[in-house]
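Asks: Each residue of the sequence shown is one higher than the last, beginning at 1 in full-length UniProt numbering.
These are calculated hints, taken from the structure and not from any lab test.
Keep in mind that a hint or two might mislead.
Said to hold, decoys possible - With beta-carbon atoms standing in for the labels, derived distance ranges:
id, residue 1, residue 2, range
1, 198, 440, 36 to 46 Å
2, 41, 141, 27 to 37 Å
3, 416, 456, 52 to 62 Å
4, 406, 180, 46 to 56 Å
Beta carbons are placed, not taken as given, at the ideal position from N, Cα and C, and that holds for glycine.
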Amino acid sequence: MTTAIVWFRRDLRLADHPALSAACAAHDLVLPLYIHAPEEEGDWRPGGASQWWLHHSLAALQAQLAERGVSLHIRQGDSLAVLRQLLAQTGATAVYWHRLYEPAAIARDRDIKAALREHGVQAQSFNAALWCEPWQIETKQQAPYRVFTPFWRSLRTELGNPQPLPVPSSLRGMEVAGGTPLEALGLLPRIPWDRGLGEAWRPGEQGAQELLEIFADDAIADYAQARDLPSRHGTSRLSPHLHFGEISPRQIHRQLADRVAATDARRRPDIEPYLRELGWREFAHHLLYHFPDTPTANFNPRFDGFHWAAQDDAWLERWQRGRTGIPLVDAGMRELWHTGWMHNRVRMIVASFLCKNLRQHWRHGARWFWDTLVDADLANNTLGWQWVAGSGADAAPYFRVFNPVTQAQKFDPQGQYLRRWLPELATAPPPLLHEPWKDAALLKRSGYPAPMVDLGATRVAALDAYRSMRGG
Numbered sequence: 001m002t003t004a005i006v007w008f009r010r011d012l013r014l015a016d017h018p019a020l021s022a023a024c025a026a027h028d029l030v031l032p033l034y035i036h037a038p039e040e041e042g043d044w045r046p047g048g049a050s051q052w053w054l055h056h057s058l059a060a061l062q063a064q065l066a067e068r069g070v071s072l073h074i075r076q077g078d079s080l081a082v083l084r085q086l087l088a089q090t091g092a093t094a095v096y097w098h099r100l101y102e103p104a105a106i107a108r109d110r111d112i113k114a115a116l117r118e119h120g121v122q123a124q125s126f127n128a129a130l131w132c133e134p135w136q137i138e139t140k141q142q143a144p145y146r147v148f149t150p151f152w153r154s155l156r157t158e159l160g161n162p163q164p165l166p167v168p169s170s171l172r173g174m175e176v177a178g179g180t181p182l183e184a185l186g187l188l189p190r191i192p193w194d195r196g197l198g199e200a201w202r203p204g205e206q207g208a209q210e211l212l213e214i215f216a217d218d219a220i221a222d223y224a225q226a227r228d229l230p231s232r233h234g235t236s237r238l239s240p241h242l243h244f245g246e247i248s249p250r251q252i253h254r255q256l257a258d259r260v261a262a263t264d265a266r267r268r269p270d271i272e273p274y275l276r277e278l279g280w281r282e283f284a285h286h287l288l289y290h291f292p293d294t295p296t297a298n299f300n301p302r303f304d305g306f307h308w309a310a311q312d313d314a315w316l317e318r319w320q321r322g323r324t325g326i327p328l329v330d331a332g333m334r335e336l337w338h339t340g341w342m343h344n345r346v347r348m349i350v351a352s353f354l355c356k357n358l359r360q361h362w363r364h365g366a367r368w369f370w371d372t373l374v375d376a377d378l379a380n381n382t383l384g385w386q387w388v389a390g391s392g393a394d395a396a397p398y399f400r401v402f403n404p405v406t407q408a409q410k411f412d413p414q415g416q417y418l419r420r421w422l423p424e425l426a427t428a429p430p431p432l433l434h435e436p437w438k439d440a441a442l443l444k445r446s447g448y449p450a451p452m453v454d455l456g457a458t459r460v461a462a463l464d465a466y467r468s469m470r471g472g
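Can you build the whole structure from these sequences, using the hints too?
Replies: Written out as structure tokens, the structure reads:
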């Protein structure tokens with residue numbers, strides 16, 4: 001009888017799980033293991049919303065395994081020390097896991113793999129989070145890509161016809177003493193601010209599959225247009241499930257491709273726009289792997305000379321709490337605080353307002369998103385903020401300053417999104433809903449704040465600062 005440890009991290013599912021499948025195929029027994037070691041995340045330990053999701057995702061995985069008569073073993077502490085202890089305790093001869101791509105995780109896993117192999121333990125890692133490894137896609141000059149479109153062309157040719165792995169039928173677990181109860185990890189908030197998260201989400205593999213079914217049935221056919229409308233469920237909302245590995249991009253691709261194949265050609269949806277968005281996720285990981293300093297350093301070093309405004313804690317707090325006096329910005333920030341998520345177009349707008357109208361450094365926004373997003377992902381978060389700021393790879397042009405008023409008028413013309421998250425303005429007619437400062441009586445009656453800055457004047461100031469950086 002041989003035993004293997006399957007080390008779960010951000011791969012909290014049973015289907016399309018290469019490490020689990022390999023362990024079940026090669027060994028008689030497996031020990032599913034989760035090690036809680038946030039200090040090993042370096043400067044990017046999971047934020048509050050991510051911890052909430054992790055708790056519930058682990059609970060869902062526990063339940064899934066229990067249905068198959070298998071226990072999820074949880075430990076806290078140094079990962080290598082825990083693995084060594086369990087190898088001795090169980091007599092296991094192998095450890096299987098899936099690769100992570102953050103700089104701290106890469107360094108940690110490299111050391112663990114070397115240490116285990118030095119002592120004769122079979123240590124094997126797999127790709128389960130991406131279509132392709134970050135080092136597999138490169139330019140003709142054998143360099144990493146810096147622009148998305150050619151990266152996507154190259155990646156798209158590699159996708160092929162993915163066949164996700166089924167849940168192993170031979171899954172046989174083992175029991176071992178000394179585990180840590182999930183509740184002892186202290187992942188849930190100490191104050192009850194998370195009620196909205198529970199109303200909005202169902203963490204776990206089953207929740208991910210349900211969202212994918214809904215998206216495939218109801219939204220994919222209209223995705224190219226509806227994805228820009230924050231009042232509609234026009235996106236998949238799978239990002240937190242992808243981050244925690246409750247579903248894989250291979251599974252998404254396969255299911256959508258099967259749905260297309262089974263649909264009458266006259267009504268066949270075009271899934272390419274959505275696959276391209278998943279390609280951005282791959283691009284983000286490609287960049288983080290090849291440029292590991294970018295979570296805190298400008299990708300474009302010319303931006304090291306950009307004149308940011310002095311950090312203003314009062315401005316930052318108003319932005320964080322959705323009290324800027326700019327309706328679309330405030331609606332987005334309140335949606336984030338209440339649900340742990342924000343529509344992607346609105347993310348670009350609130351980020352543009354912070355970086356360009358307020359000229360606060362993009363790192364302030366990245367840190368706030370890191371703590372409040374249930375889909376907080378270092379690669380995606382870094383790419384998104386540097387893209388908006390203009391300092392990143394394939395970034396938005398420096399002169400692009402999103403106008404939150406015209407954006408709201410275009411993508412939320414009747415104000416359904418604004419009314420949902422700004423109840424104090426719910427009765428205002430659309431023209432005033434988008435620009436409530438034009439009616440002083442409305443502001444006084446509603447208690448909604450006047451704009452903290454003038455959008456036009458701050459846009460001019462931002463452009464002047466960009467031109468100064470560029471030398472005129």
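Asks: Take the hints in turn and mark each one as holding or not.
Replies: Hint-by-hint comparison with the structure:
In this structure, residue 198 and residue 440 meet the distance hint of 36 to 46 Å, their C-beta atoms being roughly 39 Å apart. Judged by the Cβ atoms, the range 27 to 37 Å given for residue 41 and residue 141 holds: they are separated by roughly 33 Å. For residue 416 paired with residue 456, a C-beta distance near 27 Å fails the hint of 52 to 62 Å. Evaluation of the 46 to 56 Å hint for residue 406 and residue 180 yields a pass: the beta carbon distance comes to about 52 Å.
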